[in-house]
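Protein chains in written order, with my numbering: chain A, 15 to 291; chain B, 24 to 195.
Keep in mind that a hint or two might mislead.
As the list claims (entries may be wrong) - Pairwise CB distance ranges, derived in the manner of DEER restraints: (1) B:E64 x A:P180: 20 to 28 Å; (2) B:A33 x A:R128: 19 to 27 Å; (3) A:W224 x B:M85: 37 to 45 Å; (4) B:S178 x A:Q276: 22 to 30 Å; (5) B:V114 x A:P249: 36 to 44 Å; (6) A:T196 x B:D113: 32 to 40 Å; (7) A:D165 x B:Q81: 19 to 27 Å; (8) B:M85 x A:Q271: 55 to 63 Å; (9) B:R75 x A:A289: 25 to 33 Å.
Unchecked claim - Derived coverage of chain A by chain B (criterion: at least 3 residues anywhere in the stretch with Cβ under 8 Å from a Cβ of chain B; other residues may be distant): (10) 35-46; (11) 106-118; (12) 253-260.
As the list claims (entries may be wrong) - Capping the alpha-carbon separation at 25 Å, the derived lysine to any residue pairs in SDA-like fashion look like this: (13) A:K134 x A:H18; (14) A:K134 x A:A222; (15) B:K151 x A:A87; (16) B:K151 x A:K134; (17) A:K130 x B:R26; (18) A:K130 x A:A87; (19) A:K134 x B:R26; (20) A:K134 x B:S38; (21) B:K151 x A:K130; (22) B:K151 x A:A222; (23) A:K130 x B:L31; (24) B:K151 x B:G133; (25) A:K134 x B:T28; (26) B:K151 x A:W224; (27) A:K130 x B:S38; (28) A:K134 x B:L31; (29) A:K134 x B:V35; (30) B:K151 x A:A241; (31) B:K151 x A:H18; (32) A:K134 x B:A37; (33) A:K43 x A:V150; (34) A:K43 x B:K151.
It is worth saying that the hints were derived from the structure and are not from the lab. All residues carry an ideal CB built from backbone N, CA and C; glycine is no exception.
These are the residues of each chain, in order.
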Amino acid sequence: MTAHRTIPAERCYWANLDTSPLPPARSRKERREQLMYLFEDRLPIALSDVHASFVELGQGRVAACGVATDTVAEARDVGALTLVPDAVPGFLGGVDPGRMNLLTGAWQPIAVRRIKSRWKSTAAVLALAIFLGLGVGLRRRTAMLSERAGDTNRVIDDVYAQVLPPGGTQPPAVRLVSELRTLHRTRTEGVGAQVASDVGGSLVALLAAWPADLETRTEFLSVSEDAVQLRVLVPDNAAAQSFVAAFESVQGWRPTQPRVNQAEGAIRVNLRLEASR
Amino acid sequence: MRRSTTLLTALVIASAAWTITEASRWSGASGNLRDAESRLEQVTADAETVVRLRASRQTVAMTVRPREDVLGLVNTVLADAGVPSNRLRDVAPESVRSEPAGDGGYRRQGMALTLSPLEPFELGRFLKTWQDTDTVWRVNGVELQHAAGQDTDPSYAVRVRLVANYVAEEAP
């Protein structure tokens, strides 16, 4: 007894089927049913008494090989694993006989069926193990990420608590943005040059430029953001010239044409400096 | 045999579904962590800015300052500068106006002080003390007018213009 048996080609029913008129099949089972009905016309015996094997030849042609079910049952019962014809007729385009195993479907040997079933079970168990392992890994990773997110949120709450005053009905994120906006609008760094400036620096610059070696009597002095006005009395024209010259290089200020006139036995100088920034 | 295969198949499908659910939860948790870390970065940066700005001097008030505040402050500064309080002759509020520069929606309120008689060194002390005081009021203008006909008198009538900016809730 051999596990791989052959059957003489003369005992088989052969056909080269044209499948082009067939509608597309939705499954292998439906395809097989379609081919069996096509094959039925070529059989001298009832279709129910034949088990067939089909091989696609391409271009809509299919090679069909049928054997009486008694023969197939006999081969299976003696423990054969495969049953193939010993040759294939020439009109089937040289199909390999090994591709036409007849112990298939309902006639599949129990041993083969067991092996296939075992393989499927093994694959299923393997898939189950992989999915379970992957799932457990993902679950642990998710827990870790959630814990880290919780820690990060706690740190955020700590930052809010450190920066914001206690109480308040608004959410801390809104309060922080509001606080930031208020500070930007009210503190030096954020406000910049958009608001009134202090003229203290201008006054200092002006007094620093004041000529110390001249006898002057200040009648009027005005310092504002935009202009400085001076009205002084000096003894003579030379002193007036020296006084005006002293303010020509005050940083940030540009002197305009001075007005000089006689007054009270002295020279009165009216000088205006304009902001050059 | 068939029953065990069916059971095994059902188990595989169930485990695959569970794994997909866990993957979805993992993806969600991963996104949450990214969001939290990004928020922490932003909040930390904002908090640092808040601390830095709080340490800087306040130059603008949130609302208009009452006149009484300035009067109290002027008297305090005069006392600290060693200038007798009776030199303060007048305190005149000026009308509120919008800041000409910028688009920050700031408004300016002004106050004119008249100090007389005041010698230059007293004015210097007053201005220095004012500068050292933490206030939103700034010295925005100074005028010294010498008393006419008194050549030997070193005193002046001094007009000090104070301004305070405040945040206008609505653009004027």
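Here is what the structure says about each hint:
The hinted window of 20 to 28 Å between E64 (chain B) and P180 (chain A) holds, with their beta carbons roughly 25 Å apart. Distance hint for A33 (chain B) and R128 (chain A): a CB-CB separation of about 22 Å, consistent with the stated range 19 to 27 Å. Against the hinted window of 37 to 45 Å, the Cβ-Cβ separation of W224 (chain A) and M85 (chain B) comes to about 40 Å, which satisfies the hint. S178 (chain B) and Q276 (chain A) have their C-beta atoms about 26 Å apart, which keeps the hinted 22 to 30 Å range intact.
For V114 (chain B) and P249 (chain A), the Cβ-Cβ distance of about 39 Å falls inside the hinted range of 36 to 44 Å, so the restraint holds. Between T196 (chain A) and D113 (chain B) the C-beta distance comes to about 34 Å, which sits within the given range of 32 to 40 Å. A hinted range of 19 to 27 Å for the beta carbons of D165 (chain A) and Q81 (chain B) is inconsistent with their spacing of about 36 Å. Separated by about 45 Å at the C-beta atoms, M85 (chain B) and Q271 (chain A) break the suggested range of 55 to 63 Å.
For the hinted restraint 25 to 33 Å between R75 (chain B) and A289 (chain A), the CB-CB distance of approximately 30 Å keeps it satisfied. Counting residues of the stretch 35-46 of chain A whose C-beta lies closer than 8 Å to any C-beta of chain B gives 0; at least three are required, and the coverage claim is violated. Interface restraint, the stretch 106-118 of chain A with chain B: violated (0 residues with C-beta to C-beta distance below 8 Å; minimum three). Coverage of the stretch 253-260 of chain A by chain B is violated. Counting CB-CB distances below 8 Å, 0 residues qualify, and the rule asks for three or more.
A threshold of 25 Å between alpha carbons decides the hint, and for K134 (chain A) with H18 (chain A) the separation of about 24 Å falls inside it, so the pair holds. Note on K134 (chain A) and A222 (chain A): the hinted pairing is violated, with a Cα-Cα distance of about 100 Å set against a maximum of 25 Å. A C-alpha spacing of about 119 Å is found between K151 (chain B) and A87 (chain A), which places the hinted pair above 25 Å, so the restraint is violated. Distance check on the hinted pair: K151 (chain B) and K134 (chain A) sit about 94 Å apart at the alpha-carbon level, beyond 25 Å; violated.
Note on K130 (chain A) and R26 (chain B): the hinted pairing holds, with a Cα-Cα distance of about 16 Å set against a maximum of 25 Å. Between K130 (chain A) and A87 (chain A) the CA atoms are separated by roughly 20 Å; this keeps the pair inside 25 Å, and the hint holds. In summary, the hint linking K134 (chain A) to R26 (chain B) is supported, as the alpha carbons are separated by about 13 Å, within the 25 Å threshold. A C-alpha spacing of about 17 Å is found between K134 (chain A) and S38 (chain B), which places the hinted pair at or below 25 Å, so the restraint holds.
Between K151 (chain B) and K130 (chain A), the direct Cα distance comes to roughly 100 Å. Violation of the 25 Å bound is thereby established for this hinted pair. For the proposed pair K151 (chain B) and A222 (chain A), the alpha carbon gap of about 15 Å is at most 25 Å, so the pair holds. Annotation: proposed proximity of K130 (chain A) to L31 (chain B) holds, straight-line Cα distance about 15 Å (limit 25 Å). For the suggested pair K151 (chain B) and G133 (chain B), the alpha carbons sit about 20 Å apart, so the restraint of at most 25 Å is met.
Proximity of K134 (chain A) to T28 (chain B) is assessed by CA-CA distance (about 8 Å); at most 25 Å being required, the pair is judged to hold. Restraint check for K151 (chain B) and W224 (chain A): satisfied, since their Cα atoms lie roughly 19 Å apart, inside the 25 Å limit. This hinted pair checks out: K130 (chain A) and S38 (chain B) have alpha carbons roughly 23 Å apart, not beyond 25 Å. About 10 Å separates the Cα atoms of K134 (chain A) and L31 (chain B), which keeps this hinted pair within 25 Å; it holds.
A C-alpha spacing of about 12 Å is found between K134 (chain A) and V35 (chain B), which places the hinted pair at or below 25 Å, so the restraint holds. A C-alpha spacing of about 21 Å is found between K151 (chain B) and A241 (chain A), which places the hinted pair at or below 25 Å, so the restraint holds. Taken as a hint, the K151 (chain B) and H18 (chain A) pair is broken in the structure, with Cα atoms around 114 Å apart against an allowance of 25 Å. Of the supplied pair hints, the one linking K134 (chain A) and A37 (chain B) holds, its CA atoms being roughly 17 Å apart against a limit of 25 Å.
Among the hinted pairs, K43 (chain A) with V150 (chain A) is inconsistent with the structure: their alpha-carbon atoms are about 39 Å apart, more than 25 Å. Our distance criterion of 25 Å between C-alpha atoms is broken by K43 (chain A) and K151 (chain B), whose separation comes to about 103 Å.
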